[in-house]
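With the hints as extra help, turn the sequences into a complete structure.
Same order as they appear, the protein sequences are chains A and B.
Residue 44 in our numbering sits at position 44 of the first sequence, with consecutive numbering throughout.
Residue 29 in our numbering sits at position 29 of the second sequence, with consecutive numbering throughout.
Mixed in with the good hints there might be a few duds.
[Unchecked claim] Have a look at the derived ranges for each label pair, beta carbon to beta carbon:
| # | chain 1 | residue 1 | chain 2 | residue 2 | range |
| --- | --- | --- | --- | --- | --- |
| 1 | A | 8 | B | 53 | 21 to 27 Å |
| 2 | B | 5 | A | 7 | 18 to 24 Å |
| 3 | B | 57 | A | 25 | 32 to 38 Å |
| 4 | A | 37 | B | 126 | 32 to 38 Å |
FYI, nobody ran anything at the bench for these hints, they're computed from the structure.
On a predicted model such as this, the values are computed, not experimentally measured, just so you know.
Just so you know, even glycine gets a beta-carbon here, dropped at the ideal spot from N, CA and C.
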Amino acid sequence: MLITVVPEESRMMRPPRAVHPVGNKLGAVLGRAHERDKQMRVLTEALRQFEFQRVPGEIVSFEP
Amino acid sequence: MLVMSRKCVPYTPVTAKLAEMTVALVSSTGAYVEGQEPFGDDTDNSYRIIPPETAAADLRFKHGHYDETEARLDANTVFPLQLLQDLEREQFIRRVSNKNIGFRGFSTNLKLMYEQVAPAIAHEIERSQAEAVLLTAG
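Put into structure tokens, the structure is as follows:
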């Protein structure tokens, strides 16, 4: 499972599974420093995707 | 050597529940542990194995092609090992893998990365406890 903030670039690498936390930036892909709740939302949303059967290569966007 | 298709998306269906899964963190953020050799310049294609019990305060970053300010303030911004440790304690996942990997994602030698470095990292993971891999970049 890839966490990406540049989905169009990541798509070219054909990751099997990926999530895109909308609004997050390079250098803080899970959230900014000490934003623990936001970081944890991104992490748990990414991990939960393992339990869903999706189209290979689909990048799931969400707002953390 | 197993050669991956350059067209197909590799995909292995998952049947286990998260609470039964051991998760490894593999990251191109230049993460390493205090005491390990820091990464070098753009020709450095090495990687570091990061133990599961590593404290966030002991994580270091050397990459050079993204702003590492947030990562140095709080490793969980790009390398959420501490958060995975918390999820293990909460039994959200089974456990953090015995092997987690940090490397520099910026490489001008893509042939070396594709043919040697990536397979070596994959081999480390295949020989580890990991049943799922979380990938992060800077």
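Hints and how they fare:
1. 8/A to 53/B: 21 to 27 Å: This hint is violated: roughly 37 Å between Cβ atoms.
2. 5/B to 7/A: 18 to 24 Å: Holds, since residue 5/B and residue 7/A (Cβ atoms, about 22 Å apart) stay within the stated range.
3. 57/B to 25/A: 32 to 38 Å: violated (23 Å)
4. 37/A to 126/B: 32 to 38 Å: holds (34 Å)
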